[in-house]
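Participant: Based on the hints, put chains B and C in the right spot on chain A.
One-letter residues, chain by chain:
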Amino acid sequence: MLKHLDEYRDKRLAENLVRSIESTLTRPWTIMEICGGQTHSIMRYNLQELLPNEISLIHGPGCPVCVTPIELIDQAVELGRQTDVILVSFGDMLRVPGSKEDLLSVKAQGGEVKMVYAPLDALEIAEKNPEKEVVFFGVGFETTAPAVALAVKQAQIRGLENFSVLVSHVLVPPAIKALLEDKQNRIDGFLAAGHVCTIMGTAEYISLAESYQIPIVVTGFEPVDILLGIQKCIILLEQNHPGVENAYPRSVKPEGNPAAKKILKEVFTPVDRRWRGIGTIPQSGLKLTAAYQKFDASARFRLQHTTAEEPELCLAGEILTGRKKPPDCPAFGNQCKPDNPLGAPMVSSEGACAAYYRYQKTDRS
Amino acid sequence: MNPDPKQGLQCPIPKSDYKNVLLAHGGGGKLTKQLIDQMFYPCFENVFLRQGHDGSILPPIEGKLAMTTDSFVVDPIFFPGGDIGELAVNGTVNDLTCCGAEALYISLAFILEEGFPLDDLWKIVQSIALSANRAGIKIVTGDTKVVEKGKGDKIYINTTGIGRILPGLDIAPQHCREGDAVIINGTIGDHGIAIMTEREGLTFESTIKSDTLALNTMMLEVFRKKPGIHVVRDPTRGGVASALNEICLSSDTGIRLVEEKLPINDGVRGACEVMGLDPLYVANEGKVLVILPENEADEVLSIMRAFDAGSQSRIIGSVNGKHPGILHMQTTIGSTRIVDMISGEQLPRIC
Amino acid sequence: MCLAVPGKILSIDESNPELLMARVQFGEAIREICIQWVEGVEIGDYILAHVGTALSKIDEADAKFTLDALREMGTSESDL
Numbered sequence: 000m001l002k003h004l005d006e007y008r009d010k011r012l013a014e015n016l017v018r019s020i021e022s023t024l025t026r027p028w029t030i031m032e033i034c035g036g037q038t039h040s041i042m043r044y045n046l047q048e049l050l051p052n053e054i055s056l057i058h059g060p061g062c063p064v065c066v067t068p069i070e071l072i073d074q075a076v077e078l079g080r081q082t083d084v085i086l087v088s089f090g091d092m093l094r095v096p097g098s099k100e101d102l103l104s105v106k107a108q109g110g111e112v113k114m115v116y117a118p119l120d121a122l123e124i125a126e127k128n129p130e131k132e133v134v135f136f137g138v139g140f141e142t143t144a145p146a147v148a149l150a151v152k153q154a155q156i157r158g159l160e161n162f163s164v165l166v167s168h169v170l171v172p173p174a175i176k177a178l179l180e181d182k183q184n185r186i187d188g189f190l191a192a193g194h195v196c197t198i199m200g201t202a203e204y205i206s207l208a209e210s211y212q213i214p215i216v217v218t219g220f221e222p223v224d225i226l227l228g229i230q231k232c233i234i235l236l237e238q239n240h241p242g243v244e245n246a247y248p249r250s251v252k253p254e255g256n257p258a259a260k261k262i263l264k265e266v267f268t269p270v271d272r273r274w275r276g277i278g279t280i281p282q283s284g285l286k287l288t289a290a291y292q293k294f295d296a297s298a299r300f301r302l303q304h305t306t307a308e309e310p311e312l313c314l315a316g317e318i319l320t321g322r323k324k325p326p327d328c329p330a331f332g333n334q335c336k337p338d339n340p341l342g343a344p345m346v347s348s349e350g351a352c353a354a355y356y357r358y359q360k361t362d363r364s
Numbered sequence: 000m001n002p003d004p005k006q007g008l009q010c011p012i013p014k015s016d017y018k019n020v021l022l023a024h025g026g027g028g029k030l031t032k033q034l035i036d037q038m039f040y041p042c043f044e045n046v047f048l049r050q051g052h053d054g055s056i057l058p059p060i061e062g063k064l065a066m067t068t069d070s071f072v073v074d075p076i077f078f079p080g081g082d083i084g085e086l087a088v089n090g091t092v093n094d095l096t097c098c099g100a101e102a103l104y105i106s107l108a109f110i111l112e113e114g115f116p117l118d119d120l121w122k123i124v125q126s127i128a129l130s131a132n133r134a135g136i137k138i139v140t141g142d143t144k145v146v147e148k149g150k151g152d153k154i155y156i157n158t159t160g161i162g163r164i165l166p167g168l169d170i171a172p173q174h175c176r177e178g179d180a181v182i183i184n185g186t187i188g189d190h191g192i193a194i195m196t197e198r199e200g201l202t203f204e205s206t207i208k209s210d211t212l213a214l215n216t217m218m219l220e221v222f223r224k225k226p227g228i229h230v231v232r233d234p235t236r237g238g239v240a241s242a243l244n245e246i247c248l249s250s251d252t253g254i255r256l257v258e259e260k261l262p263i264n265d266g267v268r269g270a271c272e273v274m275g276l277d278p279l280y281v282a283n284e285g286k287v288l289v290i291l292p293e294n295e296a297d298e299v300l301s302i303m304r305a306f307d308a309g310s311q312s313r314i315i316g317s318v319n320g321k322h323p324g325i326l327h328m329q330t331t332i333g334s335t336r337i338v339d340m341i342s343g344e345q346l347p348r349i350c
Numbered sequence: 000m001c002l003a004v005p006g007k008i009l010s011i012d013e014s015n016p017e018l019l020m021a022r023v024q025f026g027e028a029i030r031e032i033c034i035q036w037v038e039g040v041e042i043g044d045y046i047l048a049h050v051g052t053a054l055s056k057i058d059e060a061d062a063k064f065t066l067d068a069l070r071e072m073g074t075s076e077s078d079l
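Sequence order for the protein chains is A, B and C.
Just so we're aligned, residue 0 is where the first sequence starts under numbering that gives the first Met the number 0, counting upward by one.
Just so we're aligned, residue 0 is where the second sequence starts under numbering that gives the first Met the number 0, counting upward by one.
Just so we're aligned, residue 0 is where the third sequence starts under numbering that gives the first Met the number 0, counting upward by one.
This is chain A alone, in the form it adopts within the complex (with noise of 0.2 Å):
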């Protein structure tokens, strides 16, 4: 029994959520969750199933790995073929595609990738390497940025010379309000991501909720806290009443957490970032601040700056933003699948394309 954790995956719990969503239910709603994990859990506990037609659940940019720009994994998988680096990643990244291969393939090569599950071990992996440069693909929106700034600043502290960061850390709200300035949008309410808002808290979702008139329910990653947050959006979309609910208490803190807040911007500071599929969100990316620029990878090899296309039939960008689903792609199951994947949605597993194929038995041909 994981304490925590198995008792938001009841039966029961979800059986009295979809009672009550049934019975406030008056018409139907959209609402858009930009969270990979919060997608991933959609499609592994077939939510949809469970809950009225009536409520329409489309799936944002929430995976920082599907939007991480394709120059951006260029830069890493150029980096992994130089003989004196080591490039380290978290596992997520190693089988997107860049425009001619992934990181998996440069290992195949003969290039050194290492795996690492907390940005700290990229750290020993430095220190147990001296002759060696030691680059850490920095991917993650808020919730994984305060802990590479940590790796960063003990970095500093100890001195280390060879270690560096390629940094593509990506911010959401910035994300939300670019979905909601499109005039097409179909979004009628918002689960913000939980573990994003348990570091950086609810101020910004409460003046986006405000400008943009809509509900925004801050919610977790168990079926049983998204059929929560589910319910408290719905409540708040049949009273006409937009504003930010927190659904997930037992993490998250209007505040947020002040002191990883803290060493975010001591450490990174915003900067116009292009989401892979959507084109150039401003503010939306994060940068090492002067303090810690020479631990930036990009200037430290004067990596190029190139701009490159997805292939054509990659329908990302309208996935990404909700405007189709992943059947609606004619490449979707044919050209495009996880083990030939044409874009990031298709190989991330938290990407919406990679989790309807693997969840779904319908739409496939």
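It is worth saying that the hints were derived from the structure and are not from the lab.
Treat the hints with care, as some may be off.
Listed below are the simulated DSBU-like cross-link pairs for lysine-lysine, each with C-alpha atoms no more than 35 Å apart in a straight line [claimed, not checked]:
id	chain 1	residue 1	chain 2	residue 2
1	A	Lys324	B	Lys260
2	A	Lys336	B	Lys260
3	B	Lys153	A	Lys113
4	A	Lys286	A	Lys131
5	C	Lys63	A	Lys2
6	A	Lys127	B	Lys153
7	B	Lys18	A	Lys127
8	C	Lys7	B	Lys260
9	A	Lys113	B	Lys63
10	B	Lys150	A	Lys131
11	B	Lys122	A	Lys113
12	A	Lys293	A	Lys260
13	C	Lys63	A	Lys261
14	C	Lys63	A	Lys106
15	A	Lys10	C	Lys63
16	B	Lys208	A	Lys131
17	A	Lys286	C	Lys7
18	A	Lys127	B	Lys150
19	A	Lys106	B	Lys150
20	A	Lys106	B	Lys148
Listed below are several chain B residues computed to face chain A (Cβ distance under 7 Å; list not exhaustive) [what the hints assert, rightly or not]:
id	residue
21	Leu129
22	Asn132
23	Gly200
24	Leu201
25	Thr331
26	Asp339
27	Met340
28	Ser342
29	Leu346
30	Pro347
31	Arg348
32	Ile349
33	Cys350
A virtual CB, placed ideally from N, CA and C, is assigned to each residue, including glycine.
Facilitator: Same frame as chain A, now just chains B and C:
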């Protein structure tokens, strides 16, 4: 009598001679003979090996033969719960068992990397001897080659196993039928997680051990008493999900797992949750899936539970005609989802 | 994102005040996690771990409140 490694015998090759494997050990000359005479023969002692031929002359076997071949390249070679030697014997025995055969003989070929410590080789050889003893299988012929440093990876082991198909037994994946029950003998994911958590960057302080085990003694009892079972499969690489998917496709039936019935120990659960892995896709080395008519399940369960290898046996699912070719699962919250084949190895994730 | 899992603190290592670490148990698997950002945690507390760092301390009172309300939801019309 084969030596029991627990007696802690020292490596028989005098340390003053060589600490590590040399290219000459694979050359067929004096050093090869030293390895065979002083290390292999004493451990694997049997009348077939002592024949001294290039191959081995075996007595006639009545009935149909089963033959299997396998190569073992696991890294690390020593892991919690076992080593590459134990894996090689148990894996071969289990493959034969899953054909419905009584495992009889095994061949053993080593490909050693120049520089491999002889002490490590000795530990592995003892492990092989102990596992073969326990499984009641004889090592009848072998080969040793040495490759230059950098052209191998410490030690690779290749085996071929021969067994005798039990008369009256007719098991095959195609025999999976609507209405059958699906049984497994114990917890899933142990081996794969034990290996993964030994890798740099993913280490846990853990009690997770590989479940490597020979299943023949338990399964022979099942075969003898209940020859009407339909399918037997060991869920090794790719885990339970891959094995059952293959059976669904071969038999064009649908198998429905019940998530809350899946036996997973808390160490494996914790590691899988942290790394974002699904235990259904993680390798097992001491587990067997038995698919059989539902009305025989209770009896087979009591036969299996009488053995250590089967003390946690339980029904984890059933076969139906609703979604032919598709493995699906009733989740803990009552919904149904597909358990697909995955492409490639499952990787830990942060998302 | 983001995969974060609750675990129980078994022991705390304060040897480096800039990098407080704890041995944390997930099921029966134990790993070192940095607890630098969670104030006032003690042995026996549950934290939420992501990529080797603790994001928050699980608020037991809030967790109980949520679960109790969810269980009651089946018996009455009360909202959370």
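Participant: Just to be careful: measuring from the Cβ of Ser342(B) to every Cβ in chain A, is the smallest value less than 7 Å?
Facilitator: 3 Å, holds
Participant: So, Asn132(B) near chain A? Judge it on the closest CB pair being under 7 Å.
Facilitator: 38 Å, violated
Participant: The hint names Cys350(B) as touching chain A; please verify it with the least Cβ-Cβ distance against 7 Å.
Facilitator: For Cys350(B), the interface hint holds, since the closest Cβ of chain A sits about 4 Å away, which is under 7 Å.
Participant: For the pair supplied as a hint, Lys286(A) and Lys131(A), confirm whether the alpha-carbon distance does not exceed 35 Å.
Facilitator: 24 Å, holds
Participant: Tell me if Leu201(B) is really an interface residue toward chain A, meaning its C-beta lies closer than 7 Å to one of theirs.
Facilitator: Since chain A brings a Cβ to about 5 Å from Leu201(B), closer than 7 Å, the hint holds.
Participant: Does Lys63(C) pair with Lys2(A) here, judged by a C-alpha cut-off of 35 Å?
Facilitator: With Cα atoms ~12 Å apart, Lys63(C) and Lys2(A) stay inside 35 Å; holds.
Participant: Minimum Cβ distance from Met340(B) to chain A below 7 Å?
Facilitator: 9 Å, violated
Participant: CA of Lys336(A) to CA of Lys260(B), is that 35 Å or under?
Facilitator: 31 Å, holds
Participant: Are the Cα positions of Lys127(A) and Lys150(B) separated by 35 Å at most?
Facilitator: 24 Å, holds
Participant: Are the Cα positions of Lys10(A) and Lys63(C) separated by 35 Å at most?
Facilitator: Distance of about 17 Å is within 35 Å: holds.
Participant: Between Lys63(C) and Lys261(A), is the straight-line Cα distance small enough, at 35 Å or below?
Facilitator: Status holds; Cα separation ~30 Å.
Participant: How about Ile349(B): closest beta carbon in chain A under 7 Å, or not?
Facilitator: 5 Å, holds
Hints 9, 14, 21, 22, 27 from the earlier list are contradicted by this structure; the remaining hints agree with it.
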